[in-house]
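With chain A held as given, fit chain B onto it using these hints.
One line per chain: the protein sequences are A and B, in this order.
Heads up: the first sequence is residues 1 to 142, going by the numbering used here.
Heads up: the second sequence is residues 1 to 110, going by the numbering used here.
Source of the hints: derived by calculation from the structure; they are not laboratory data.
The C-beta atom is built at its ideal place from N, Cα and C for all residues, glycine as well.
Just to be clear, a hint being listed does not mean it is correct.
What the hints assert, rightly or not - Which residues of chain B face chain A? A partial, calculated answer using Cβ under 7 Å:
(1) Asp21
(2) Ser22
(3) Asn23
(4) Ser54
(5) Ser55
(6) Leu62
(7) Tyr83
(8) Ile90
(9) Ala91
(10) Phe96
To be verified - Here are the simulated EDC-like pairs of lysine to aspartate or glutamate, each with C-alpha atoms no more than 16 Å apart in a straight line:
(11) A/Lys130 x A/Asp84
(12) A/Lys116 x B/Glu86
(13) B/Lys63 x A/Glu103
(14) A/Lys106 x B/Asp94
(15) B/Lys66 x A/Glu103
(16) B/Lys74 x A/Glu103
(17) B/Lys69 x A/Glu104
(18) A/Lys116 x B/Glu89
(19) B/Lys66 x A/Glu104
(20) A/Lys137 x A/Glu121
(21) B/Lys63 x A/Glu104
Unchecked claim - Calculated from the model, a selection of chain B residues having no Cβ within reach of chain A, i.e. all distances over 12 Å:
(22) Leu11
(23) Gln17
(24) Phe28
(25) Phe33
(26) Asp34
(27) Lys48
(28) Leu103
(29) Leu107
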Amino acid sequence: MTLQTCVSFELKNSLGELSTLCEKLERIGEVLGIPRRLLFEINLALDELFTNIISYGFADTSEHIIRVRISAENDLLTVVLEDDGIPFNPVERLSPELPCTLEECKVGGLGIHLVKNLMDEVVYSRCGNKNVLTLKKTIEKN
Amino acid sequence: MEIIEEKRGELSTFKLQGRLDSNTSQVFEKRIFDAMADGTKNVVIDFKNLDYISSAGLRVILKATKALKRENGKILLCAMQDYVKEVFEIAGFDSFLPIVPTLDDALKSM
Numbered sequence: 001m002t003l004q005t006c007v008s009f010e011l012k013n014s015l016g017e018l019s020t021l022c023e024k025l026e027r028i029g030e031v032l033g034i035p036r037r038l039l040f041e042i043n044l045a046l047d048e049l050f051t052n053i054i055s056y057g058f059a060d061t062s063e064h065i066i067r068v069r070i071s072a073e074n075d076l077l078t079v080v081l082e083d084d085g086i087p088f089n090p091v092e093r094l095s096p097e098l099p100c101t102l103e104e105c106k107v108g109g110l111g112i113h114l115v116k117n118l119m120d121e122v123v124y125s126r127c128g129n130k131n132v133l134t135l136k137k138t139i140e141k142n
Numbered sequence: 001m002e003i004i005e006e007k008r009g010e011l012s013t014f015k016l017q018g019r020l021d022s023n024t025s026q027v028f029e030k031r032i033f034d035a036m037a038d039g040t041k042n043v044v045i046d047f048k049n050l051d052y053i054s055s056a057g058l059r060v061i062l063k064a065t066k067a068l069k070r071e072n073g074k075i076l077l078c079a080m081q082d083y084v085k086e087v088f089e090i091a092g093f094d095s096f097l098p099i100v101p102t103l104d105d106a107l108k109s110m
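Excised from the complex, chain A in its bound form (with noise of 0.2 Å):
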């Protein structure tokens, strides 16, 4: 049987909680044994999602909170991240050209670009009232 580790934690709707993301990440790296590079990549592309969640994905102004579940099985890690915000899938979205020149770049849909080019796989349910994504990474160990 293979082992597998879950460790999740929940955040709350506002951009102070990119600091509580980064601390989670630094003791569930060391707890799953990611290396520094896979945590950089996991780090930025929760970033930009939770950025995205708490920007444009709650309608009213209350305290919503963000679950994160982080899961590790051989030499595949798993994350889950799920909001009860308006639907919205960020898959769907388009990545941007890519800019040649200063004067053609825009910066809209730069976060969902680098998500969907750091992970393996980006996936985008709707569950009931929740957004639920599932990314996927294999974790390349030297």
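Just chain B, lined up with the frame of chain A:
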């Protein structure tokens, strides 16, 4: 994040330490634009001690680059850790932003 700023005439060097994300990017944006209002035309950003950058950080650098170009100024980025550099590459920013290996290289080309 900590920002150390050194100004010599029209050249400002910003040494970044820590994390450039949605929480800290506005502070950095203000520092660059304040320097420009104070006569800075050329900017070097030293990434040696920067551990992390997100798209919010990329946006500030893009905005500053466009503003400096309008003033016929110049911007150079240097000493990036490889995973920070990877973010610039994925975003395609390395095609129009000069990134050099060391602070010395950057200051010599200014």
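Consistency of the hints with the structure:
A distance limit of 7 Å between C-beta atoms decides the matter here; for aspartate 21 of chain B the minimum to chain A is near 6 Å, and the interface restraint holds. With a least beta-carbon distance of about 5 Å to chain A, the hint placing serine 22 of chain B at the interface is held under the 7 Å criterion. Contact between asparagine 23 of chain B and chain A, as hinted, is supported at the beta carbon level, the nearest pair being about 5 Å apart and thus within 7 Å. At a threshold of 7 Å, the smallest CB-CB gap from serine 54 of chain B to chain A is about 5 Å, leaving the interface hint in force.
Because the smallest distance between the Cβ of serine 55 of chain B and any Cβ of chain A comes to about 4 Å, under 7 Å, the interface hint for this residue holds. Hint on leucine 62 of chain B holds. Least Cβ distance to chain A is approximately 6 Å, under the 7 Å limit. Against a cut-off of 7 Å between C-beta atoms, the interface hint on tyrosine 83 of chain B holds, since the closest Cβ of chain A lies about 5 Å away. Against a cut-off of 7 Å between C-beta atoms, the interface hint on isoleucine 90 of chain B holds, since the closest Cβ of chain A lies about 5 Å away.
Using the Cβ-Cβ criterion of 7 Å, the hint placing alanine 91 of chain B at the interface with chain A is satisfied: the shortest such distance is roughly 6 Å. Interface restraint check for phenylalanine 96 of chain B: the shortest CB-CB distance to chain A comes to about 4 Å, inside 7 Å, so the restraint holds. Straight-line distance between C-alpha atoms of lysine 130 of chain A and aspartate 84 of chain A comes to about 4 Å, which keeps the hinted pair within the 16 Å bound. Restraint check for lysine 116 of chain A and glutamate 86 of chain B: the C-alpha separation of about 14 Å stays at or below 16 Å, so the hint holds.
Between lysine 63 of chain B and glutamate 103 of chain A the alpha-carbon distance is near 11 Å, which keeps this suggested pair within the 16 Å criterion. About 14 Å separates the Cα atoms of lysine 106 of chain A and aspartate 94 of chain B, which keeps this hinted pair within 16 Å; it holds. Between lysine 66 of chain B and glutamate 103 of chain A the CA atoms are separated by roughly 8 Å; this keeps the pair inside 16 Å, and the hint holds. Only pairs whose Cα atoms come within 16 Å are accepted, and lysine 74 of chain B paired with glutamate 103 of chain A is accepted, the gap being roughly 15 Å.
This hinted pair checks out: lysine 69 of chain B and glutamate 104 of chain A have alpha carbons roughly 14 Å apart, not beyond 16 Å. Restraint check: the Cα-Cα separation between lysine 116 of chain A and glutamate 89 of chain B comes to about 14 Å, which is no more than 16 Å; the hinted pair holds. Taking the CA atoms of lysine 66 of chain B and glutamate 104 of chain A, the gap is about 11 Å. The hint holds against a cut of 16 Å. The straight-line distance between the Cα atoms of lysine 137 of chain A and glutamate 121 of chain A is roughly 7 Å, inside the 16 Å bound, and the hint therefore holds.
Between lysine 63 of chain B and glutamate 104 of chain A, the direct Cα distance comes to roughly 13 Å. Compliance with the 16 Å bound is thereby established for this hinted pair. With a cut of 12 Å on Cβ distances, leucine 11 of chain B stays outside the contact zone with chain A, its closest approach being about 20 Å. Every beta carbon of chain A lies more than 12 Å from that of glutamine 17 of chain B, the smallest distance being close to 15 Å; the non-interface claim holds. Annotated as non-interface, phenylalanine 28 of chain B keeps its C-beta farther than 12 Å from every C-beta of chain A; the closest such distance is 15 Å.
No Cβ of chain A comes within 12 Å of the Cβ of phenylalanine 33 of chain B; the nearest lies about 16 Å off, and the non-interface call holds. The claim that aspartate 34 of chain B lies off the interface holds: its Cβ sits roughly 21 Å from the closest Cβ of chain A, which is beyond the 12 Å cut-off. No Cβ of chain A comes within 12 Å of the Cβ of lysine 48 of chain B; the nearest lies about 16 Å off, and the non-interface call holds. Look at leucine 103 of chain B: its CB is around 22 Å from the nearest CB on chain A, clear of 12 Å, so calling it non-interface holds up.
With 12 Å as the threshold on Cβ separation, the claim that leucine 107 of chain B sits away from chain A holds: the shortest Cβ distance comes to roughly 22 Å.
Of the numbered hints given earlier, the model fails none.
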